[in-house]
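For the protein sequence lines, the chains are A and B, in the order given.
Under this note's numbering, the first residue of the first sequence carries the number 1, and numbering increases by one thereafter.
Under this note's numbering, the first residue of the second sequence carries the number 1, and numbering increases by one thereafter.
Everything labelled a hint here was simulated from the structure, so no lab data went into it.
A hint or two may mislead.
Straight-line Cα separation of at most 30 Å, DSSO-like style, residue types lysine-lysine; simulated pairs [unchecked claim]: (1) A:K44 to B:K408; (2) A:K120 to B:K351; (3) A:K157 to B:K353; (4) B:K279 to A:K60; (5) A:K36 to B:K144; (6) B:K456 to A:K36; (7) A:K120 to B:K103; (8) A:K139 to B:K413; (9) B:K237 to A:K60; (10) B:K105 to B:K67; (11) A:K139 to B:K67.
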Amino acid sequence: MKKLLTFSIALLSSLMMMAQTGKSLPSIKLKDLSGKMVDISQFKNDGKPIIINFWATWCKPCKAELNAIAEEYEDWQDETGVTLIAVSIDDARSTGRVEPYVNGQGWEYEILLDPNGDLKRAMNVNNVPHTFLLDGNGKIVWQHNNYAAGDEEELYKKVEAL
Amino acid sequence: MNFTKILSLSLSLFFSVMSFSQETDLGAVSGNFQIISQYYNSDTLINAILPDHKMGLNSFANVNYNKGNFSAGIRYESYLNPIEGYPTSFNGTGLGYRYANWKNKSLDVTIGNFYEQYGSGLILRAYEERNLGIDNALDGVKIKYTPYQGVYLKAFAGKQRYIFQDGLTNGTGIIRGFDGEINLNELLDSVFSNSKLRITIGGSFVSKFNEDNLTPNFVLPKNVGSYGGRIGLRYGKLRFSGEYIVKENDPYPDSQDDRFNYIYKNGEGILLNLGYSTKGFAIDFSAKHNDNMLWRSTNVAVGPTDLLVGFVPTLTKQHTYSLASTLYPYATNARGEIAFQSDVIYRIPKKTKIGGKYGTVISLNYATAFAPKREYLNDMTTTRKGYKTIPFSFTDSLFLQDFNVEIKRKFNKKLKASVNYFNFVFDDRAILVAKVHELIYAQIFVLDITQKIDKKHSIRYEAQHLSTKQDQGNWAFGQIEYTFGSHWSFAILDQFNYGNKQETLRLHYLLGNIGYVSGPHRFSFQYGRQRAGIFCVGGVCRAVPASNGLTFTVTSSF
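Make a model of the complete structure from these sequences and hints.
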């Protein structure tokens, strides 16, 4: 039993190591708010970092996180050139609510819609909010699930470190 | 060879493959998993369920493999036993999902399981909502083809996931579909590239073949077709979208009301949305007419969320505060309803007297739904068309009225607060809550304050109050949540049904929660009493019984 446990821990940790970090984005086509189809793997930010955040209009912590970042976003962009892509997983019931909400809050993020959960599944997202940080080469270097007040500061430290 | 030997052999094999993989790019493995485990205590006061098996466990793990254009994956699921409130048709342990996919720039082919949505989902939505126990994944073949930039074609044929008994079990019906969408701005790039006007049009056809028939009295159509079109227009900050779907006659049993039982009437669904939004201001209107749009891949009575092909969205805001979301949530009336919704969001600018230093956001939402006006044909012994309706013609029979306001403001770097007010008129015949058939009038107030103590510590306070003369009477709710070090959180909450007409039911529901988050991994323990409620995602609801006990949850991505 003990051996089995050690082995399974070794297996699990090795799986985690080869995990998503170091990987590029999957090739998935999503619509932006204007209805244009965008392949997320083709998204470039001139060698600057990219943040991908999964959210929904019905998710309170998601909105708290994106609103907290929105207040600092201008500074973040000036200092590091980072771009944030907010991927909404709202379904047919609430996709119509995404654009009014985004504009109502005055967000400057790139917004993509994932109503069928294609990108959510491809990136193994369990629940929202879930944040990925990509380096200038488009490799995932960090990810985080959930949001608590102040988490945005940790995220920005990771962005600055790139 | 004993077990340990096999294991170490396979492990060393695995590690060598892995070290090999980094050098020659043998592809990448990724995935996620979730485990929810509940242990039940007896609690006769709240009438808590105490199953014989004492413990429930739901878990799944997705493992995906990807190399270049190829990907494949599985999901292993276990319901040992399914947690209370989850559909009991999910049982045992085994493979619930497997697929292989190949794609390049213009072609995308999947075999095995897949999820899919055409348009807004009225005609086709195969989706999963693991927390609710909804999974109607298709199983077959799917092709997506992009012949030109701006032209998107999709087709599939498959069976549909029905129940889980030590593995995926499909329903008997076969579903086939085709969808085309043209984005004129992308297609006619040279003409439209800088145009303010953006146009998308689309059309779908979905049909089912199904021979299930448990009624000797009627001949049911074996093939049922459904078709329709959609348009999306945008001019600057103004946008409009509309979809119209017809479903041919597709008789279903309706044990509650004979006027809808096995009728040969076509179904009809219309969704319209008009919105204008600019930085700091948005206004939005939606309207819906759905009639006889229950669209399943079987004609036999099954569970409410089983074998659904289409999805009729509920036109209400999905509320997040407990008393507003789980006591009187609204779900679409499947026989038919006409619904309207409007939203206004306004941000009082920053650095103004009223807006304050950081601005103040006000959101208004109004939603209402009515029974359609039906002209009954009294033809149940002849054509059985049942009744006639005219789109958007409705009666004064109210299913729902929901008015709510949110005012949100950040006072300084350390203090944020929001106030919410809800006013519901809720007809509990519309969905499954029904204890006594009556209109419920409820008002809810919520105060939500987040206080950042310093960089590492924050506290959130939430107070809610619901008042109603109907159903279970008044409720009070309080919660304190403390987070520190960006990893740990502690929460304690109490719900008190102090206004219940029956004094013995004026109970406290006390619940404690400890959570730990590290990167993509999350662990939580919850202990206490859970009130019975209706848990909804996307307007689809499930009743969860009252329980008392310990819940342990792990979620992780790798």
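How the hints compare with the structure:
About 35 Å separates the Cα atoms of K44 (chain A) and K408 (chain B), which puts this hinted pair outside 30 Å; it is violated. About 38 Å separates the Cα atoms of K120 (chain A) and K351 (chain B), which puts this hinted pair outside 30 Å; it is violated. In summary, the hint linking K157 (chain A) to K353 (chain B) is not supported, as the alpha carbons are separated by about 34 Å, beyond the 30 Å threshold. A threshold of 30 Å between alpha carbons decides the hint, and for K279 (chain B) with K60 (chain A) the separation of about 21 Å falls inside it, so the pair holds.
The suggested pairing of K36 (chain A) with K144 (chain B) holds, with an alpha-carbon distance near 17 Å, which does not exceed 30 Å. The hinted pair formed by K456 (chain B) and K36 (chain A) fails the criterion: a straight-line CA distance of about 41 Å is larger than 30 Å. For a cut-off of 30 Å, the pair hint linking K120 (chain A) to K103 (chain B) stands: about 18 Å separates their Cα positions. A hinted pair counts as satisfied when its Cα atoms are at most 30 Å apart, and K139 (chain A) with K413 (chain B) does not qualify at roughly 33 Å.
For the given pair, K237 (chain B) sits about 26 Å from K60 (chain A) by alpha-carbon distance, which is consistent with the 30 Å threshold. Of the supplied pair hints, the one linking K105 (chain B) and K67 (chain B) holds, its CA atoms being roughly 15 Å apart against a limit of 30 Å. For the suggested pair K139 (chain A) and K67 (chain B), the alpha carbons sit about 15 Å apart, so the restraint of at most 30 Å is met.
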